[in-house]
Amino acid sequence: MRQIPYEQLKETVYCEKMPNGLDVYVLPKPGFQKTYATFSTRYGSIDNHFQVEGKEEVRVPDGIAHFLEHKMFEEPTGDIFSTFASQGASANAFTSFDRTVYLFSATGQIDENLTTLINFVQNPYFTDENVEKEKGIIGQEIKMYQDHPDWRSYYGLIEAMYRDHPVHIDIAGTIESISRITKETLYECYHTFYHPSNMNLFVVGGVDPEHVLELVRKNQEAKQFPKQGGIRRIFPAEPKEVANPRKVIVLPVSQPKCLFGFKEIPGELEECELLERELATKLLLDILYSPSSANYQELYNEHLISDNFGTDYSCGKDYSYSMFGGDTRDPDLLLKRVREQIDKALEQGIHEADFERSRRKKIGGFLRMLNSPEAIAHEFTKYQFKGCNLFDILPVYERLTLDRINRRLREHFNWNQLAVSIVRKDEN
Amino acid sequence: MKTLNYDRTVAGRLRLHVLPTRQFKTYAISVYIGQPLAEQTVTPYALIPFVLRRGTQTYPETKQFRERLDEMYGAGFGFDIYKRGDYQIVQFRMDIIQDQFVSGTKSLLDQAFQFLGDVLTRPALEDGVFRAKYVEDEKTTITRRIEAMINDKIRYAAERCIAEMCRNEPYRLHPLGKIEDLEGLTPELLYNHYQHWLSTAPIDIYVVGDTTLDEVKALVEQYFRISRADCFEYRASRSQVVPAEVNTVVERLEVSQGKLNMGLRTPVTYSDPEYPAMLMYNGILGAYPHSKLFINVREKASLAYYASSRLDGHKGILTIQSGIEIENYEKALGIIREQLDAMERGEISDLELSQTRAMIANQLTESQDSAFELIAFDFNAVLSGKQRSVNELIEQIGGIGKREIQETARKVKLDTVYFLRDRKGEK
Numbered sequence: 001m002r003q004i005p006y007e008q009l010k011e012t013v014y015c016e017k018m019p020n021g022l023d024v025y026v027l028p029k030p031g032f033q034k035t036y037a038t039f040s041t042r043y044g045s046i047d048n049h050f051q052v053e054g055k056e057e058v059r060v061p062d063g064i065a066h067f068l069e070h071k072m073f074e075e076p077t078g079d080i081f082s083t084f085a086s087q088g089a090s091a092n093a094f095t096s097f098d099r100t101v102y103l104f105s106a107t108g109q110i111d112e113n114l115t116t117l118i119n120f121v122q123n124p125y126f127t128d129e130n131v132e133k134e135k136g137i138i139g140q141e142i143k144m145y146q147d148h149p150d151w152r153s154y155y156g157l158i159e160a161m162y163r164d165h166p167v168h169i170d171i172a173g174t175i176e177s178i179s180r181i182t183k184e185t186l187y188e189c190y191h192t193f194y195h196p197s198n199m200n201l202f203v204v205g206g207v208d209p210e211h212v213l214e215l216v217r218k219n220q221e222a223k224q225f226p227k228q229g230g231i232r233r234i235f236p237a238e239p240k241e242v243a244n245p246r247k248v249i250v251l252p253v254s255q256p257k258c259l260f261g262f263k264e265i266p267g268e269l270e271e272c273e274l275l276e277r278e279l280a281t282k283l284l285l286d287i288l289y290s291p292s293s294a295n296y297q298e299l300y301n302e303h304l305i306s307d308n309f310g311t312d313y314s315c316g317k318d319y320s321y322s323m324f325g326g327d328t329r330d331p332d333l334l335l336k337r338v339r340e341q342i343d344k345a346l347e348q349g350i351h352e353a354d355f356e357r358s359r360r361k362k363i364g365g366f367l368r369m370l371n372s373p374e375a376i377a378h379e380f381t382k383y384q385f386k387g388c389n390l391f392d393i394l395p396v397y398e399r400l401t402l403d404r405i406n407r408r409l410r411e412h413f414n415w416n417q418l419a420v421s422i423v424r425k426d427e428n
Numbered sequence: 429m430k431t432l433n434y435d436r437t438v439a440g441r442l443r444l445h446v447l448p449t450r451q452f453k454t455y456a457i458s459v460y461i462g463q464p465l466a467e468q469t470v471t472p473y474a475l476i477p478f479v480l481r482r483g484t485q486t487y488p489e490t491k492q493f494r495e496r497l498d499e500m501y502g503a504g505f506g507f508d509i510y511k512r513g514d515y516q517i518v519q520f521r522m523d524i525i526q527d528q529f530v531s532g533t534k535s536l537l538d539q540a541f542q543f544l545g546d547v548l549t550r551p552a553l554e555d556g557v558f559r560a561k562y563v564e565d566e567k568t569t570i571t572r573r574i575e576a577m578i579n580d581k582i583r584y585a586a587e588r589c590i591a592e593m594c595r596n597e598p599y600r601l602h603p604l605g606k607i608e609d610l611e612g613l614t615p616e617l618l619y620n621h622y623q624h625w626l627s628t629a630p631i632d633i634y635v636v637g638d639t640t641l642d643e644v645k646a647l648v649e650q651y652f653r654i655s656r657a658d659c660f661e662y663r664a665s666r667s668q669v670v671p672a673e674v675n676t677v678v679e680r681l682e683v684s685q686g687k688l689n690m691g692l693r694t695p696v697t698y699s700d701p702e703y704p705a706m707l708m709y710n711g712i713l714g715a716y717p718h719s720k721l722f723i724n725v726r727e728k729a730s731l732a733y734y735a736s737s738r739l740d741g742h743k744g745i746l747t748i749q750s751g752i753e754i755e756n757y758e759k760a761l762g763i764i765r766e767q768l769d770a771m772e773r774g775e776i777s778d779l780e781l782s783q784t785r786a787m788i789a790n791q792l793t794e795s796q797d798s799a800f801e802l803i804a805f806d807f808n809a810v811l812s813g814k815q816r817s818v819n820e821l822i823e824q825i826g827g828i829g830k831r832e833i834q835e836t837a838r839k840v841k842l843d844t845v846y847f848l849r850d851r852k853g854e855k
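So the protein lines, in turn, are chains F and L. Quick note: the first sequence uses this note's numbering, first residue 1, plus one each step. Quick note: the second sequence uses this note's numbering, first residue 429, plus one each step.
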């Protein structure tokens, strides 16, 4: 067991790699009633084409990682929700682009709940019948999202940016693609990506680290996993330019929704750690468009944006893009005004005072996040799979310089890389 | 299980509730201001907090106002407007870092109270009333928000079901008010409403964090200067409506999934001794993934992705919601009604009982790890006049058996069935 203290934050992480390759992390939170645990695999919707060392190349139907997540909850003995309920735990799971996470939160019977979590994820049970039954349920989940304008505009933007990279494929797939899923394809994906060496377990709450680690050691020792070679994840070469500079979706909405963003070209970015790029970019977007920025206040005063206007930046190993937007009375006018504002920023650069104020806010936001066991678990795992450490966020913020932010400003905003996604009630 | 003790007092006719604890890295502050839901006042009272968040006498420009929050290490600041029972509640929230984690001379708690006191009692003014520009801007913002209700079909269906069900009660009103009533609100009229709102509403100020009642009392006395004749109490409301027959409403929009929502009445509310039985009823029926609705509508019949029930304990309304294939309306409605009948017949297994008790107890215990959830739970007691600690409620849940739930089930009456569907086959 290794101990990693973060004195400034008054937090300590305990970790250990099991002989089968599983990484386990424990963050004790004295005084907390709740224990929150996530068991995650580095496997998400983008992993639809892969090859395990010494085996054949495989292509699987879109939406299979998410389908697999649903099906894991079924055991030969019945629904695992029932077991968790008997032990007073709320359980759930979700699938993102690059990971699938199973979790519970509970205030008692922690050993039992932890054992249930590990065992159900390490025990797949798929039958022709239970796979067919799930297609109806996921079909309704897909339809629910189709009616959701925020979700549609979000995906619309990613589709507008990416032509070939699977990040543009809906996490749940389509009703057609999931119809091709069988128990055999599910087992194939399961055995590839649910090997302990591709997974991590994170436990946070009022727990004793050594006790948790001992439980996991015993649990894993009793199971056999065949040795597995590395997984090669195969991604098509993505063109530099955006797939579609402007995408319009028609849905019944009160006002148009307009999301826009810049697609970055992986080979052309300043060499640095992913975490530093992410934090520098998020800081930059905050300086430019947080509610305390001059830009935001101008657009609000012109009634071009509402309270739901926001920004975000997402990055993986071979894709990264920014996102801006919300509801607007006039998407074209909004885009025109933003272009003027960003061109002005490109010309004048970022001011020291704005940089310092934003950095201070971000540090406060990070400290506030540490109140929430759920947020810690999710953020920690997200960064771990990207090869970064959540607790480095504070020192990285402290290291960032105005000069770095200004370089990032010039690197990111390239008008040739702009894509726009609009949801409105009529074409035009 | 830990025991939580609030220290309470009254200062300047405002009720203060302070929970000293070192569990969190922040101070959490909530201010609750409530007024009875009423046709004439719902709109101005909704507009007030929107205007207050634009500027204070110290920071009159919105940009300065927002920058001030950033300077306090990105203090969280926001407000919500919602219905609880027959009240329209405005809740202001602040969330700030405890001093030990950051460097600085003046306590952040002091700075936060100064800020919040200014927001509530010293708003930016011109000619002795609210700034006209801010009033106009925020009217637009509220209008857009009310119009945007239609965008999220799950919420839209839920709101429409309640509005249909309560069409003869104030509860039909949207907490943000009515678009048509905004136009006539001049800065002067709105300012008069604001003064009345602040001087006649029950106001409760909560702080959870590393502080004391004395410290908070001194800050409130220094920064919250409001002239009030009394402290004012909430009067518990109670749903007296007994549905005669089921009202069915079908609405058509361009949707691909149908939304089936149902509204039921219960005479049992938060302050009643039967409330724990009502919580158990809701839990067994539809609050969890082991509940009857999830098992029967989703897992067995494969009809839906979500199928659940929710209890509004202050109003005495239970709602059921599910998203289904449009042609499966009759089938889904049939399965849901079977579950309601099964509850009335007392068809409840020992496993359902023990699972539901465990889930409710867990949820209540977990809420103690969040400062704002701790506050929200305590505010239930202020609003309903019924003191009941988390521990007491868990204990009472433990004593609820099949018989008590069946008795409660007999009092629950289906009032409204609302179905949102596509336009196919429309006449």
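Honestly, the hints are just simulated from the structure, not real lab data. Keep in mind that a hint or two might mislead.
[Unchecked claim] Below, a list of computed lysine-lysine pairs in the PhoX-like style, where the Cα atoms sit at most 20 Å apart:
(1) Lys511(L) / Lys344(F)
(2) Lys728(L) / Lys135(F)
(3) Lys344(F) / Lys17(F)
(4) Lys282(F) / Lys135(F)
(5) Lys453(L) / Lys29(F)
(6) Lys759(L) / Lys606(L)
(7) Lys135(F) / Lys759(L)
(8) Lys511(L) / Lys425(F)
(9) Lys386(F) / Lys282(F)
(10) Lys282(F) / Lys17(F)
(11) Lys17(F) / Lys143(F)
(12) Lys814(L) / Lys511(L)
(13) Lys511(L) / Lys453(L)
(14) Lys143(F) / Lys759(L)
(15) Lys10(F) / Lys453(L)
(16) Lys17(F) / Lys386(F)
(17) Lys133(F) / Lys814(L)
(18) Lys143(F) / Lys606(L)
(19) Lys759(L) / Lys728(L)
(20) Lys183(F) / Lys135(F)
(21) Lys133(F) / Lys852(L)
(22) Lys491(L) / Lys606(L)
Since the structure is predicted, the reported quantities are computational estimates derived from the model, not experimental observations.
Lys511(L) paired with Lys344(F) [C-alpha distance capped at 20 Å] = violated (44 Å)
Would you mind confirming whether the straight-line C-alpha gap from Lys511(L) to Lys453(L) stays at or under 20 Å?
-> violated (30 Å)
Are the Cα positions of Lys135(F) and Lys759(L) separated by 20 Å at most?
-> holds (18 Å)
Mind checking the alpha carbons of Lys133(F) and Lys814(L) for me, to see if they're no more than 20 Å apart?
-> violated (46 Å)
Please work out if Lys282(F) and Lys135(F) have their alpha carbons no farther apart than 20 Å.
-> Given pair Lys282(F), Lys135(F) is violated - Cα atoms ~38 Å apart, limit 20 Å.
Satisfaction of hint between Lys29(F) and Lys453(L), Cα-Cα up to 20 Å | holds (12 Å)
Going straight from one Cα to the other, do Lys759(L) and Lys728(L) come out at no more than 20 Å?
-> Holds, at about 13 Å.
Restraint check for Lys133(F) with Lys852(L), where alpha carbons must lie at most 20 Å apart | violated (27 Å)
Given hint Lys143(F) paired with Lys17(F) - CA-CA distance at most 20 Å | Answer violated: Lys17(F) to Lys143(F) is near 41 Å, above 20 Å.
Verify the proposed pairing of Lys511(L) with Lys425(F), using a straight-line Cα cut of 20 Å.
-> violated (30 Å)
Within a Cα-Cα threshold of 20 Å, do Lys143(F) and Lys759(L) meet the stated pairing?
-> Between Lys143(F) and Lys759(L) the Cα gap is close to 18 Å, so the pair holds against 20 Å.
Mind checking the alpha carbons of Lys17(F) and Lys386(F) for me, to see if they're no more than 20 Å apart?
-> Between Lys17(F) and Lys386(F) the Cα gap is close to 17 Å, so the pair holds against 20 Å.
Taken one by one, the earlier hints fail for this structure at numbers 1, 3, 4, 6, 8, 10, 11, 13, 17, 18, 21 and 22, listed in ascending order.
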